[in-house]
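Using the sequences provided together with the hints, build the complete structure.
Residues per chain are reported as follows:
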Amino acid sequence: GESVGLHLPTLSVQEGDNSIINCAYSNSASDYFIWYKQESGKGPQFIIDIRSNMDKRQGQRVTVLLNKTVKHLSLQIAATQPGDSAVYFCAENAGGTSYGKLTFGQGTILTVHP
Amino acid sequence: NAGVTQTPKFQVLKTGQSMTLQCAQDMNHNSMYWYRQDPGMGLRLIYYSASEGTTDKGEVPNGYNVSRLNKREFSLRLESAAPSQTSVYFCASRDDILHTDTQYFGPGTRLTVL
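Residue numbers (this note's numbering), protein chains in the order written: chain A, 1 to 114; chain B, 1 to 114.
Treat the hints as calculated values from the structure; they're not laboratory data.
Fair warning: this is a prediction, and the values are worked out from it, not measured in the lab.
Chain B regions said to be covered by chain A (calculated; three or more residues, Cβ under 8 Å):
no., stretch
1, 43-53
2, 105-114
For lysine-lysine, the following BS3-like pairs were computed, each having C-alpha atoms within a straight-line distance of at most 25 Å:
no., chain 1, residue 1, chain 2, residue 2
3, B, Lys71, B, Lys57
4, A, Lys56, A, Lys71
5, A, Lys56, A, Lys37
6, B, Lys9, B, Lys57
7, B, Lys9, A, Lys42
8, A, Lys37, B, Lys9
Using N, Cα and C, we set each Cβ at its ideal position, and we do this for glycine too.
The following block contains the structure:
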């Protein structure tokens with residue numbers, strides 16, 4: 001899994017499988033978390049977010065789970081498709097007077113094989 | 001609605017040269033950000049602007065200056081480029097209209113300093 005501040009892990013899956021990308025965060029004061037997808041040569045693209053008063057949030061084919069007890073965040077992608085191949089970043093916002101400043105993890109490379 | 005736009009897309013500089021990276025957003029957001037992304041790493045915040053007329057340092061501000069020209073535009077200047085500033089630069093704006101804290105990114109400027 002990924003940690004906000006460590007080396008870049010990789011995940012390879014077959015088309016149609018479910019993917020789970022993990023992220024550990026260190027700031028217990030963080031109250032907002034967000035997942036981005038970055039394709040080669042492009043800017044990060046918003047996928048889904050979650051606030052600290054929630055444990056789970058679902059989007060289209062994606063689910064984010066938040067475990068505040070162990071400071072862990074995960075992104076689940078259902079029925080993974082080749083177009084999902086990208087680098088996935090988690091980011092956290094400590095809230096308060098941080099003016100929306102996000103701290104990013106270093107990313108997980110997802111490769112989907114047809 | 002173009003979102004966040006950046007110019008130029010690519011730039012090659014010699015050590016000591018100066019340049020300004022341009023960023024504009026058309027979403028009426030108050031907060032804007034400049035990040036750099038180095039190979040195998042997440043995004044690191046250089047500077048941010050919580051509102052028109054204000055700017056603040058992020059995690060890695062040394063060697064950079066910024067100008068919040070108006071609500072739409074936020075520029076990043078390298079006064080004397082160094083090879084260590086070779087990176088991909090992303091501008092973002094934050095959805096503080098709907099208070100979602102989501103940041104939306106531009107396509108990036110790929111800068112090489114020789």
